[in-house]
Amino acid sequence: MKRPLYKHPLVFFGIALYVFPYLVVALGKSTFNASEFLVWAIFATGLNLLWGHTGDLSFGHGMFFGWGAYTAGLVSRHVAFVPLDLAAAAVVAMAVAWPLAKIIVRRATGIYFAMITLAVGEMFYFIAIRLTSITGGENGLGDIRLGHLFWIDLTSRVNFFYLSAWVTFIAVACAWFITHSPYGRVCRAIQQNRARVPFLGFDTVRYRERAFVMSAGICGVAGGLAAFLFRHVAADTLRWTNTGAAVLITMLGGVQSFFGPAAGAVVVKFLESTLIPKTPYWPAVIGAIFAAFVLLAPGGLAGLATQARALLRRRAEATPPAPPVAPALESTG
Amino acid sequence: MEDQPGLTRREALKRAGVLAGVVVAGGGLSACGIGLEDEASAGSGGSKKKAPVLLGIVDPYSGAYAASGASQTQGAELAVAELNEAGGILGGRRIEIRKRDDATKPDVGARGARELIGQENVDVIVGVVSSGVGLAVSEACSQLGCPLVLSGTHDDTITGVSAHKTTFRVTTESIMIARVVVGPLMKATGKRWFFITADYAYGLGAEKAMIAELTKAGGSVVAAEHTPLGTTDFSAQLTKARGSGATTVVLVLYGADLIAASKQFNEFGLNGKLGLGGHLNGLEMAVGIGPDRVHGIFGTPWNADIATPASKKFVGDIKRRTGQTANFRHYLGYLAAREALQGIDRAGTTEANAWVKAMEGHHFDTLKENQGYWRDWDHQAIHDPLAIEAIPKAEWAFENEYFKTIARADGDKVAPTRAENPAGAARIHNEKVVARAAYTPKEA
Amino acid sequence: MVLGAAGGGIHQLFDLFLNGVILGAIYVLLALGLNVILGLIGVINFAHAAFYMLGAYLTLSFAPHIGFLPAVAAAAVVVGVLGMAMEVSVIRPLYRRIPEHALLLTFGLTLVAEQAVRWHWGDYAKNFDPPSFLSGGFSPGGFTFPAYRLFIVAATAVVVAAVWLLLNRTSLGLVIRAGVLDAEMVGALGINVPLTFTLTFGLGSLLAGLGGAMVGPVAGLNPDMANSIIILAFVVVVIGGLGSFWGSIVGGLLVGIFRSVLVYWWSPATELVPFLLMAGLLLVRPRGLFGVEGVFE
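Heads up: the protein sequence lines correspond to chains A, B and C, in order. Counting in this note's numbering, the first sequence runs from 1 upward without gaps. Counting in this note's numbering, the second sequence runs from 1 upward without gaps. Counting in this note's numbering, the third sequence runs from 1 upward without gaps.
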């Protein structure tokens, strides 16, 4: 049952990316916002590589976002070629993640893992605000310049968006191929039943470690892109509050789905930017919605969508015995 | 969830290639964005008959400096009310305010500034308390070509190595405050100083300035402890100070940090044993510490006991509007908004370049004894900083006085010279104001 | 970086040590509360820090009416009741699910709680003076220790002893300890496990509220309190061992003392200290100082 290529989900995703800014602008936001949504979509997808697909909830992956952001910002001062800067961001994030994975993954799972990763992120934050000469300390890294990408002027918001779209596409495609590879299937198995997998002959620790590192790389790319978008990197990106936002987004989008987190990013960030001018207490609204989802719809929006589709299909199949008089009254889906 | 067998590597690569090709064919970068504007549309185009001038305010309404942010905004609102009552500016236009909370965080502040510029189409922005936020907002406004008057950010780099052509700064910068405080503090308490400093732009810069003045006057630094912004417990640092042989504890802190440190200074019985001073202090902190519990000598751009008629009127107006005794944040917010808006009025347009020219060199009423002016080469407001001393409640001449002015310095004498700030001069001289995208300047 | 400094190195070190014990007392209370819940129910209550903050603010509001000490007690009790209410309404349905869900839900609730505090009590840091009968100081050898801080240590010691008695000398404590080892079996023995869970949640929350109630006069109150303390609470729990009684105490004191004493030698490290301790422990003894084998491994 081979699906024709043009129906591949990534193709739809690519088309959606192309159309995305028009939708965003039509809904009253700006192209800048559209790029911002994409940054978070990448972040959430990266986080979910470890969470939904491998079963480890990291509350500290914001640190890789931050590492990526700082790296991209610093490298861009020397090499003003954005793709290279972003690649450097990914590489550095993964390089930092590797020893951390080696230490933490073996020794912790579940909420213990969450607590430790949270603490490690905070640790990097405190280090970063001290290293003022490198990171700019509490002020952050400013003055990040956007030059040209070949002939394209990146200071134009529109051009920047399409750069972001490309980066998003590549990052998400990478995530796709990871999750749909044999490696990814083992990770899925780990997520579903960690205790059982060793009996199949796989070393769960190694698979989890690699997932940790690869997801860190994607989060690093998100951070790098953010550095160019905001032209400023704050040490706050390393903190658990930043990861917390990504966790919230991912859960709302749907932890068990692939595109869910990206969709969640758009929805949540859109909601946020609509709420901010309206009330200073906007985090309460987001928090309450999130708590409600955890309680009532843990599958997130993707889960709800699946349930809705199933419901509609069931309605369509279970046609009620049609009264011979008025077939037009049959329920439609 | 598919049931097909997993992809082999070759298959995967082939598909990736085809996919990439499809998307590239779908829209190359250079062909994209048809119909998208670069920023949100300017909204009201030319149809408006005298649309209001929009003043953007970025201030902290949450986080460590929330109280100061609220005061600054209140000051700005007073200025706007005064100007509106006098008939508005730019040919009788009313002034309206749009606000954003910067939460004492640079990235939140910068984002707020971008939203104000890009989505709310403000004509000029004022505000900000934290220097870290100020740097980020200054950068954002400069990139987008929007005029900015920073009310309360004291760090020298704002008109120094990080200066921007569109940025003007109202408050007497850190080095000016240091130069007015160090003398009186040394005279009152002694020469060996123990610094407790907030570890970010403002704190470090102010500390550096104070140490320079201290050593010039023959004093010495016993230790300099740096604490992160938001520290609530200074017991360890104060314990260390106690045994260090210092004569004076110098608190280069602000906001909630300064309140906590001051209270703990009393709690640990250090009052009377060690001298106390700092860089900045103001009523919004003093009220948090409590009457008769505030001690020491600090600096400030303005104090409520200034006896000029303009100052008295200002204090009265603030009292009426907010019920509070005016603090220097009210003053800064007021001055920043008034100057920013009158600059637009003088320029006859909200276009950034013209506004900058109208601001540079302009003399203005500082509510104090002497006038001030906007220095053209660094965009710093030159006026007289004051040294203040905490007084016990029994000596207050009016409600919540807390501090009395004990010294004043001539703004021109204590402001950094060109030789001391070559970077600022160069940046402002060389920088070109960016044309603001998707924006039509308002004319008189 | 040696012991010498103008004016008595050893003496100052002792002062810093004592100060560290005082700092640690609050960490102990917080960690104990978290561990009680974690050990029995297996749930991390992210809102623990929000309860801490609520305890502080409620004390601030109650104190002018009923006096300081009654306000502390009242605030702690109210927070405990709140914890029980939360457990019954939204945590209980999550027991069937993986523990991460409770963590996430309580995270969401923390966001709401913070905004509620901001809305009701305002954005500014609040000043809170210790009651006059506790505002003097003791000066053993020249350095003054605020009486209030010593009160915190004393109160914490009393509370910790009370919790120990509860866990080891009462039938409820017996049930809790049994439940930590095998909750299913306890239920099979006819004991009302859900009620035990609720009471335990109440106890843990009460401890958090008490910690917050006492800390107000020391550090002032502000709506950011919860965010800053949650990490420390987690780190202390990890260092001491998940679900461990003695781990909470030793871990809390250790972190407090190290933080205080390290200022003397190398102040930039003070914030890093808890994390370095945690990292070190993770490498050497992943389950924490007093961690129980098999719990969360």
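If you are wondering where the hints come from, they were derived from the structure by calculation, not from laboratory data. Heads up, a few of these hints could be off.
Computed cross-link-like contacts, DMTMM-like style, restricted to lysine to aspartate or glutamate with a CA-CA straight-line distance of at most 20 Å [claimed, not checked]:
| no. | chain 1 | residue 1 | chain 2 | residue 2 |
| --- | --- | --- | --- | --- |
| 1 | B | Lys393 | C | Asp129 |
| 2 | B | Lys50 | B | Asp345 |
| 3 | A | Lys278 | B | Glu96 |
| 4 | B | Lys432 | A | Asp153 |
| 5 | B | Lys312 | B | Asp292 |
| 6 | B | Lys357 | B | Glu443 |
| 7 | C | Lys126 | B | Asp292 |
| 8 | B | Lys393 | B | Glu443 |
| 9 | A | Lys278 | B | Glu120 |
| 10 | B | Lys216 | B | Asp410 |
| 11 | B | Lys313 | B | Glu120 |
| 12 | B | Lys432 | A | Glu272 |
| 13 | B | Lys312 | B | Asp365 |
| 14 | B | Lys191 | B | Glu399 |
| 15 | B | Lys312 | B | Glu399 |
| 16 | B | Lys319 | B | Asp305 |
| 17 | B | Lys208 | B | Glu420 |
| 18 | B | Lys432 | B | Glu369 |
Hint-by-hint comparison with the structure:
no., hint, in the structure
1, B:Lys393 <-> C:Asp129, "holds, 18 Å"
2, B:Lys50 <-> B:Asp345, "holds, 14 Å"
3, A:Lys278 <-> B:Glu96, "holds, 17 Å"
4, B:Lys432 <-> A:Asp153, "holds, 18 Å"
5, B:Lys312 <-> B:Asp292, "violated, 24 Å"
6, B:Lys357 <-> B:Glu443, "holds, 16 Å"
7, C:Lys126 <-> B:Asp292, "holds, 17 Å"
8, B:Lys393 <-> B:Glu443, "violated, 51 Å"
9, A:Lys278 <-> B:Glu120, "holds, 13 Å"
10, B:Lys216 <-> B:Asp410, "holds, 19 Å"
11, B:Lys313 <-> B:Glu120, "violated, 33 Å"
12, B:Lys432 <-> A:Glu272, "violated, 34 Å"
13, B:Lys312 <-> B:Asp365, "holds, 14 Å"
14, B:Lys191 <-> B:Glu399, "violated, 34 Å"
15, B:Lys312 <-> B:Glu399, "holds, 14 Å"
16, B:Lys319 <-> B:Asp305, "holds, 14 Å"
17, B:Lys208 <-> B:Glu420, "holds, 14 Å"
18, B:Lys432 <-> B:Glu369, "violated, 36 Å"
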